[in-house]
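Position one of the sequence shown corresponds to residue 1 (this note's numbering), numbered consecutively onward.
It is worth saying that the hints were derived from the structure and are not from the lab.
Any given hint might turn out to be false.
[What the hints assert, rightly or not] Derived Cβ-Cβ restraints for the label pairs, each shown as a range:
#1 Gly473 x Arg553: 58 to 66 Å
#2 Trp164 x Gly199: 39 to 47 Å
#3 Gly555 x Gln520: 54 to 62 Å
#4 Ser361 x Thr550: 22 to 30 Å
#5 Val384 x Trp164: 26 to 34 Å
#6 Val384 x Asp489: 15 to 23 Å
#7 Arg553 x Asp489: 18 to 26 Å
#8 Thr208 x Pro148: 31 to 39 Å
[Claimed, not checked] Using 25 Å as the maximum straight-line C-alpha spacing, the simulated SDA-like pairs for lysine to any residue come out as follows:
#9 Lys326 x Glu152
#10 Lys237 x Ser168
#11 Lys237 x Ala416
#12 Lys560 x Glu152
Predicted model, so just to flag it, every value in this text is computed and none were measured.
Glycine residues also receive a C-beta, built at the ideal position from the N, C-alpha and C atoms.
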Amino acid sequence: MKRNIWLLLITLALLSVACRPSVSPLPTRAYLVQVESSATPPIPLTDTSATVTATLIRLPATLTPLATPTLIKTTPTTTAISPTATPIALPSASPPTAATDVRQPVIVPASPTSDTPIPTDSPPPIPTDTSPPVSTNTPLPPVNGVLPYTIEPASPPTSNVGVWTTESTITILTYQFQQAFIPTAPDDSAYPYPRLDFGQVGPPVPQTYRAIHLENGYVGLTILPELGGRLYRWLDKGTGRQLLYQNPVIKPSAWGYRGWWLAAGGIEWAFPVEEHGLNEWRPWNVSVGGTSITVSDIDDRTGMEVGATISLRAGSSAFTIQPYAKNDTEQAHEYQLWLNAMLTLGGNTVSPETEFIVPASQVTIHSSGDGGVPGAGGGMSWPVHGGRAMNFYGNWQGHIGFFFPPNGFAALYDHAAQQGIVRSHAPGWPAGAKFFGPAGYAPSYWTDDNSNYVELWSGATSTFWANGILQPGQSVGWSEQWYPVSHLDGLTYANSAAALRLTENDAGVDVGLAVSSSGQFTVELYAGNQPIATWQISLSPGQAFRSRWTRDRAGELGLKVVDNAGTPIAQTGAIP
């Protein structure tokens, strides 16, 4: 009888465990190894044997879903735009023909707003800076399974008072390309800019360039007026890393609208045509005004002015870029206006663990050397396409350029270096956004060492296939903010104030926060629209807050950050 009672009790206990409701966590990232032969570049530079390499395929954690954006509808040309790079020792360039004219059919968007503010040389007054609060790493008591938080690094970078400018020179090995210019005629698509006879380009020699530096306690920026007015350096003082590609040699490549382009690095301004514009190689005007620097040039083709103002505030790791174009001529002109940031987050090279962070479920291919993605103008699911996590650079099997909806931000994060960058802007404007990576090309196409980069573009038109028109007296421009993040292990949402990480895997729900200005913040985690945990922290630029919650209930996740005044500064996911 006792034995039967014990058996009955054991059976009831087992049934109770089996019937307990469970919440399965979202799957974690998976790591697969794919063995493949390395692809030969489209135009081989040397006769090298194929090597066998192992490519890491990293599948992303399933994130809190974002709203499905509207796919950019484009009208691509029938032939995909694909760069045809050539080594420096090329034969003389042939005169262009109609077949080589890369101009695209004109698609005129709505006229740009005439009230777009144009940057002026008068900078805003320098705000009073205060020393950032020292973070307190004392863990809060666990709430509903929340683990103690950490802040890395424990001490933030020193924030010196104010913003300052200095001037110096930079010496860079530079190929003697100007002696190889070929004048163009009015029927040439590059007119009045020169083409290049690669066979007449002289060897590299040291050349000194004027450098203007704009700094605060968190970041250092360097502008080279004599090299297209480009923003050449961006130093994250928290990690000591340079975040923009710096080509150790100024070398003409065979890409670009003119049939040649200087892949010098940094952030360049592309105008009045798509790709890399026409005047990135020559000196621009410069105006220095306290907390801002403005560079500008008059385009030889249209007579329109193009420029950009780079501004920095005291106490913030974010800097502002305001590209603009204005038509002071008496005629209307077609135009495209883009900025192109050549990025490298880990020692002037790009890691396979570099993640492209795009708030979209579909992107539009511009050009590709990867046979597994659609052709020009085709839509590609994002971030996973054909079983590949396309948001990780190591999974690309050739160069890819793709446009994506301008949904307010884009980011790049190198998980190997634990370094990232954020680009933030008003949702929907500027109209164009694009990533490009030259995977599959030998670095000798654009440099003399093994350095490489990826590109993040933003532009006034939705794609390279759509031109705008500026009427006499009209102008166009926009404003966007850039700032570094580190120690965050990636991010899922960002704006100009903060970058958030909210991901789930087998280990739990990971929560992260980085900010562009110091302050006291309240971090709130939700599940199923119910509050789960609250952290009160002090955080400064260069630091990252991280914690983990072990699920004990179902429901969609949400994360909100509130400043010391009670104002929400950023949120993602399901928030009540």
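Quiz item: Between lysine 237 and alanine 416, is the straight-line Cα distance small enough, at 25 Å or below?
Solution: Holds. Lysine 237 to alanine 416 sits at ~19 Å (cutoff 25 Å).
Quiz item: Regarding glycine 555 and glutamine 520, is the given constraint of 54 to 62 Å on their beta-carbon distance met?
Solution: Once the Cβ atoms are compared, 28 Å apart, the range 54 to 62 Å for glutamine 520 and glycine 555 is violated.
Quiz item: Can the suggested window of 58 to 66 Å be confirmed for the beta-carbon pair glycine 473 and arginine 553?
Solution: About 60 Å separates the Cβ atoms of glycine 473 and arginine 553, which means 58 to 66 Å holds.
Practice problem: Kindly confirm whether 22 to 30 Å is satisfied by the beta carbon distance between serine 361 and threonine 550. | Solution: Holds, at about 29 Å.
Exercise. Take a quick look at whether lysine 560 and glutamate 152 sit within 25 Å of each other, Cα to Cα.
Key: The hint holds at about 20 Å.
Quiz item: Is lysine 237 within 25 Å of serine 168, Cα to Cα?
Solution: Distance of about 19 Å is within 25 Å: holds.
Exercise. Please test the hint of 31 to 39 Å on the beta carbon pair from threonine 208 and proline 148.
Key: Check failed, 53 Å falls outside 31 to 39 Å.
Self-check item: Range hint compliance [Cβ, valine 384 to tryptophan 164, 26 to 34 Å]
Solution: violated, 46 Å
Quiz item: Given the hinted pair lysine 326 and glutamate 152, is their alpha-carbon gap at most 25 Å?
Solution: violated, 45 Å
Exercise. Confirm or reject the claim that valine 384 and aspartate 489 have a C-beta distance inside 15 to 23 Å.
Key: holds, 20 Å
Practice problem: Could you say whether the range 18 to 26 Å given as a hint is met by the Cβ separation of arginine 553 and aspartate 489? | Solution: The hinted range 18 to 26 Å holds for arginine 553 and aspartate 489, with Cβ atoms some 24 Å apart.
Quiz item: Can the suggested window of 39 to 47 Å be confirmed for the beta-carbon pair tryptophan 164 and glycine 199?
Solution: holds, 46 Å
Checked against the numbered hints above, the structure breaks hints 3, 5, 8 and 9 and satisfies the rest.
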